[in-house]
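Visitor: For reference, the chains in residue letters:
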Amino acid sequence: AQRVTQPEKLLSVFKGAPVELKCNYSYSGSPELFWYVQYSRQRLQLLLRHISRESIKGFTADLNKGETSFHLKKPFAQEEDSAMYYCALGTGGFKTIFGAGTRLFVKA
Amino acid sequence: DAGVTQSPTHLIKTRGQHVTLRCSPISGHKSVSWYQQVLGQGPQFIFQYYEKEERGRGNFPDRFSARQFPNYSSELNVNALLLGDSALYLCASSLFYSQETQYFGPGTRLLVL
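In the order they appear, the protein sequences are chains A and B. With my numbering, the residue at position 40 of the first sequence is 40, and numbering never jumps. With my numbering, the residue at position 54 of the second sequence is 54, and numbering never jumps.
Since the hints were made in silico from the structure, they are not lab data. All residues carry an ideal CB built from backbone N, CA and C; glycine is no exception. Please note: incorrect hints may appear among the correct ones.
Heads up, incomplete: computed chain B residues facing chain A, CB under 7 Å, no partners named [what the hints assert, rightly or not]: (1) Gln41; (2) Pro43; (3) Phe45; (4) Gln48; (5) Lys52; (6) Gly56; (7) Asn59; (8) Gly84; (9) Thr101; (10) Phe104; (11) Pro106.
Just need the whole structure built from these sequences, with the hints factored in.
Guide: Below, the structure is given as structure tokens:
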């Protein structure tokens with residue numbers, strides 16, 4: 001079965017603390033993984049994708065095929081990082097499966 | 001470019017009615033995908049269209065249908081509305097059908113009474 005699991009609905013951290021948003025996937029093919037973010041009153045937008053291996057706004061994510069994970073990390077959280085984060089799995093070009101999302105709240 | 005646009009922004013219908021939602025992709029994008037997002041959940045894939053052909057379909061009943069026009073805009077149609085169809089319907093465009101970055105519209109919020 002094709003599935004994306006984000007185990008935490010809500011993650012609350014203090015400003016300056018490290019952040020890790022977990023994402024696990026289930027897919028028998030070669031996965032394409034994405035992190036999308038939705039800031040308050042804004043559209044859903046791409047944060048990063050595993051194929052580009054970029055660091056966006058200080059966030060990184062490494063695809064671990066052995067653990068079927070694609071966790072999102074940032075060493076020092078900022079208040080402006082507070083948002084809804086969705087992990088997404090691309091399956092062969094025609095279908096994208098989203099996780100349920102994790103709301104990140106960064107406290108001052 | 002205004003980005004992906006969707007209309008209407010909000011819609012109220014009653015059970016059994018039919019609804020049509022519209023989406024205009026970013027200029028130059030040839031692929032449009034539709035998603036349903038119920039409160040508290042992530043977007044659920046409904047359809048992907050590329051070059052006016054359906055390329056992918058999610059686990060939705062036949063009451064859901066869509067099409068893409070020569071200008072790459074798209075319509076999502078839902079027949080015989082049920083209360084459970086109440087949701088935010090998102091449209092996303094991308095350059096091609098391959099798994100590229102998707103650019104999302106603001107969504108259409110549908111309420112079925």
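Visitor: Now tell me if each hint is right for this structure.
Guide: Hint check:
| no. | hint | verdict |
| --- | --- | --- |
| 1 | Gln41 | holds, 5 Å |
| 2 | Pro43 | holds, 5 Å |
| 3 | Phe45 | holds, 5 Å |
| 4 | Gln48 | holds, 5 Å |
| 5 | Lys52 | violated, 15 Å |
| 6 | Gly56 | holds, 3 Å |
| 7 | Asn59 | violated, 10 Å |
| 8 | Gly84 | violated, 17 Å |
| 9 | Thr101 | holds, 5 Å |
| 10 | Phe104 | holds, 4 Å |
| 11 | Pro106 | holds, 6 Å |
Checked against the numbered hints given earlier, the structure breaks hints 5, 7, 8 and satisfies all the rest.
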